[in-house]
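2 protein chains.
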Amino acid sequence: MRTGIATVCLSGTLKEKMQACAIAGFDGIEIFEQDLVTSPLTPEDVRKMAADLGLTLDLYQPFRDFDSVSEDLLTANLRRAEAKFKLMARLGMDTILVCSNVATASIDSDDLRVEQLGNLAALAGDHGVKVAYEALAWGKYVNDYEHAHKLVEAVDHPNLGTCLDSFHILSRSWDTAPIEAFNPEKIFFVQVADAPELSMDVLSWSRHYRVFPGEGQFELAKFMGHVVRAGYSGPVSLEIFNDVFRQSDVERTAVDAMRSLIWLEEQSAKWLDANAPAPSGAGITGAAGGTQAPGRRRYPMELATLPQVTEPAGYNFAEVRAADTKGLETVLGQLGFEFNGRHRTKDVQLWSLGHARVIINETAPADRDDSTGIATSAAAPAIAALGFDVDSPVIAAARAQQLKAPAVPRKSQANEEVFQGFAAPDSTDIFLCQGTSDGTAAWTREFGEGLEKPAAGPTAVIDHVNLAQPWQHFDEAVLFYTSALALEPQPFAEVPSPTGLVRSQVMATGDRAVRLVLNLAPLNQQRKTYQEHIAFAVDDLVATARDCKASGLEFLQIPANYYEDLDARFGLAPDFLATLQELNLLYDRDADGEFLHFYTATVGSVFFEMVERRGAYDGYGAPNAPVRHAVQYDYLQRR
Amino acid sequence: MRTGIATVCLSGTLKEKMQACAIAGFDGIEIFEQDLVTSPLTPEDVRKMAADLGLTLDLYQPFRDFDSVSEDLLTANLRRAEAKFKLMARLGMDTILVCSNVATASIDSDDLRVEQLGNLAALAGDHGVKVAYEALAWGKYVNDYEHAHKLVEAVDHPNLGTCLDSFHILSRSWDTAPIEAFNPEKIFFVQVADAPELSMDVLSWSRHYRVFPGEGQFELAKFMGHVVRAGYSGPVSLEIFNDVFRQSDVERTAVDAMRSLIWLEEQSAKWLDANAPAPSGAGITGAAGGTQAPGRRRYPMELATLPQVTEPAGYNFAEVRAADTKGLETVLGQLGFEFNGRHRTKDVQLWSLGHARVIINETAPADRDDSTGIATSAAAPAIAALGFDVDSPVIAAARAQQLKAPAVPRKSQANEEVFQGFAAPDSTDIFLCQGTSDGTAAWTREFGEGLEKPAAGPTAVIDHVNLAQPWQHFDEAVLFYTSALALEPQPFAEVPSPTGLVRSQVMATGDRAVRLVLNLAPLNQQRKTYQEHIAFAVDDLVATARDCKASGLEFLQIPANYYEDLDARFGLAPDFLATLQELNLLYDRDADGEFLHFYTATVGSVFFEMVERRGAYDGYGAPNAPVRHAVQYDYLQRR
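Going down the list, the protein sequences come from chains A and B.
Note that the first sequence covers residues 35 to 673 in my numbering.
Note that the second sequence covers residues 35 to 673 in my numbering.
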């Protein structure tokens, strides 16, 4: 698949954008007119720079408001078009995007449109330019891709084709299956964009909220499947108008963009495999390739595949970094964790409770740089890494690498376990580990007495980890965990806190063995230390809480008002309610089951949670989150 | 008018919210349940604190999903209600908000609703509680305030009334006139909220985008007029769910909120004056008060008035502050400004070009604090103050003070002009000056030779000033300039820049003698030096540009691509186009006229613009803004 991206997706100058696209590995770019108009580079400079960078210049865009106009305006529009065609010759570009008219359209006649688009095609032919006509979702008369295609067919000129943009098609919920019947020679260009499901006017939605494939809710693999089956083999190019990407680091956004296309390519191939048409005599091309999956035929567009992984089987460990480890050691001890000793060569400690392993790294956390938006004070404990159990760490690492995840190999001595790892968008290190069915881990032999640490004690596991995300990289993180780690985004939630709404995106495996919560902190908190946490699941939370209390653990103190409200809402048995209140436990209930949990006080920017899931409860106690936030806020104010 | 505010409008803990409301001068508050549930304060503590702070506790809210349910659920709901009634007794509160059911409503029967609301009213009666039933805009069966009122009338119980919330009414575009016919004894509560015109689902709009009155587009004065005419005299209380206010400084937001109610009170009185019903025999009450405007009758709700001002007649001066003034002096000189001398007692200089006066203040700009989001480096020049010509500075200052604008009196010696001033939300100082018809200013005698400076030279005036606004205070600024300075918000615009979209809100007088542009910089720029500017209008921009060029002015260099595009768009005469390009002039044209302008390079965080308006052109060259931003970005990168 030939990959492309429109310069409007990125921040910076045209030069910076082109360089970032080349570094990220795109085949070509679309030049967004404004980026050229505002650039000190001449068209000839741009042409040379693109050649030097190995980028093709695939599409000049947009040319607006051409069709459906009066005779006078048509003359002016053709003059305007000719100026752009001449400019394209200097750029060495041959395809221009013409959008259906939204502003000056005054005559609703397909006959007239065929005539006017015919005029344009003839002029384009004189200049060796191909016009890709696109139905904007909010076009005045033409807003349906099939309508645009019908006009193109009627004009029947070799210099007029159509551009298919997934946003304009899927935002209107048009069926994408008819694409398959299109003559591939008339599909001049394909643009892909994803978007979250928002109920708002389509223009605002399009101009501000588009995201890269995999970061929204559109069925893009299916869209692409139809495009591939139609026989299209040109560039698949991103055109994403997004308020956040426009102001984020250009190189980083370009990599996020490239990752989305790599992922989309794989998903499209999977969709084609899963939706193979019933065998029939007349294929688009001849023999199927030998390496193709059964049922997938060879199409003019080749779709590359990635190393395949299944979802992780669980958390292998969580790692907290701290220059001063005393606070952490105290809390883990009070939570019932056993100290399993220090590493034989590194300055790290291992603590465990059942299957839950926490590594304390005794080196100061790196100050996260300003671009992440989340500053942590250097000495305070912070979550630094997560280990996941996967079938094959090598295959998973290869996949992550192909998805352009920055590698972070962990140094190791001879005879020590080598962890494959990469950096997540919030700069947490993600390590890929070999899971075992009995919950132990071979690398634990490198700690203390040199014996493998048994999964002893109470049946505890890491239930979920909650990471704060910088606002610029929230969408990127969703795609990252989806594509590289095979986690599935769950429905989005938001909870109020005293300093603003906290947006929360759960990423999880189907069996819920891994639950990762990505929190988008209020902007005002982004620059302060935002709190993250690790939650452990136990079988009997009340017993655990009693033990922790006996050990002197500092619980987050829950207000009495909370228990009164709980009683008003649920009508709990008085004894049970008294127990909850006595132990500062929080409670939730839904149709599936019950949830009991408590929080520790915060150490640095980290705190811990203990949870008990009863029945099939699948949530995180969201109704209790405002209480947690308020009490933590109060606690930090007083500290 | 009794003023109130719901605690959900503000950030912080319940205690912090209550204190901020008292400081801002509210009469009472609504307790949002979650704020109490998450608070360590007992209900008795809250009651005492409110009494100590002089706040009444006007409404406990919300109680959700009561009506339209099955028998089983009704029993549970009545139990839940009784728990809250008992809690309210401890708080010393007598009114609770019950919202129409959105979640558990299963039976669509007005008869059943009348029966169930009757049960609730009877229970409330036993506890001395008044239930204010409100139709949510997205209520499953009840989403129209007239429907809610009809149910209340049908139940006909002294403990059941209705709550009118302007958001739920105006977001659905319901006619507000029928409110006048309501029995005022059945209107238990009135909530006011404004909102921008957004085309999105009403629930998201309501939960995230409400703003304080005067900051959105709702016709709230009319809504209030109908409420007043109905004979309602209870609290008028703000209930604003807004993502930004939730994370802003609590005391500051409370003042912004109070300002909005003071302004709404005045606007409501004006609406009543302007829409006095035709005289008839039966008034609601008896004789009209002596101080009432003709045509306004006396209503149970008294509406206070403010000192009245008309819109300012123009800019009197703009002031730039700089520790190192050399760069500024050079640029002003090159722009043709005349140095009129230093002030006799202060470290300030006066420069003028025709009627346009610029003061250079030789003291370092105060570092704007972190809460504004916009940091300026201490020594770099920055716009510090604006002077406006008003009819009566004293009356205007009195009005601003009643609107809780923080006063910033300028120190002055004997025989010197005393300026009334106050601080705008972005901490720019706003001064109120006595305008003269010949464009001179008496205070200029304090500079140089002691002579009043004539409005000599080319006919130049300050055309507009462009100020960067911190993201937390953008809505606040709109209300501030609307209410205190009688500027009118114009339609909102946004332009792309290499670092993100810049949102732009023009505030102007009807005659355009004053144009003030509030720019919301991309978040990533908020923490860097964002550029602001002062624009001067001249009669002949080409001649001015030639003079400036001869003086050695450093123009912002406009790319050649821009002029090619200009030609493609407008087909300009070749000579004229060549002149534009030679002088780095920008050009725009619309149905009303033409606009020529150029920019200087940036000095500190300030740059200057020269404009010429031809015909009735009323814009700011918005199509050229991306070019300006891109070139400035490039310039700053290279510096």
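No lab work stands behind these hints: they were computed from the structure.
Among these hints, one or two may not hold up.
Using C-beta positions, here's what the derived DEER-type ranges look like [unchecked claim]: (1) 609/B / 184/A: 25 to 35 Å; (2) 397/B / 235/A: 46 to 56 Å; (3) 106/A / 609/B: 22 to 32 Å; (4) 604/B / 308/A: 47 to 57 Å; (5) 451/A / 117/B: 32 to 42 Å; (6) 81/B / 649/A: 16 to 26 Å.
Beta carbons are placed, not taken as given, at the ideal position from N, Cα and C, and that holds for glycine.
A quick look at each hint next to the structure:
Judged by the Cβ atoms, the range 25 to 35 Å given for residue 609/B and residue 184/A is violated: they are separated by roughly 46 Å. Roughly 49 Å separates the CB atoms of residue 397/B and residue 235/A, a value that falls within the hinted 46 to 56 Å. At roughly 25 Å, the beta-carbon separation of residue 106/A and residue 609/B lies within the given 22 to 32 Å, and the hint holds. Evaluation of the 47 to 57 Å hint for residue 604/B and residue 308/A yields a pass: the beta carbon distance comes to about 53 Å.
Distance hint for residue 451/A and residue 117/B: a CB-CB separation of about 56 Å, inconsistent with the stated range 32 to 42 Å. Taking the beta carbon of each, residue 81/B and residue 649/A are about 40 Å apart, not inside 16 to 26 Å as hinted.
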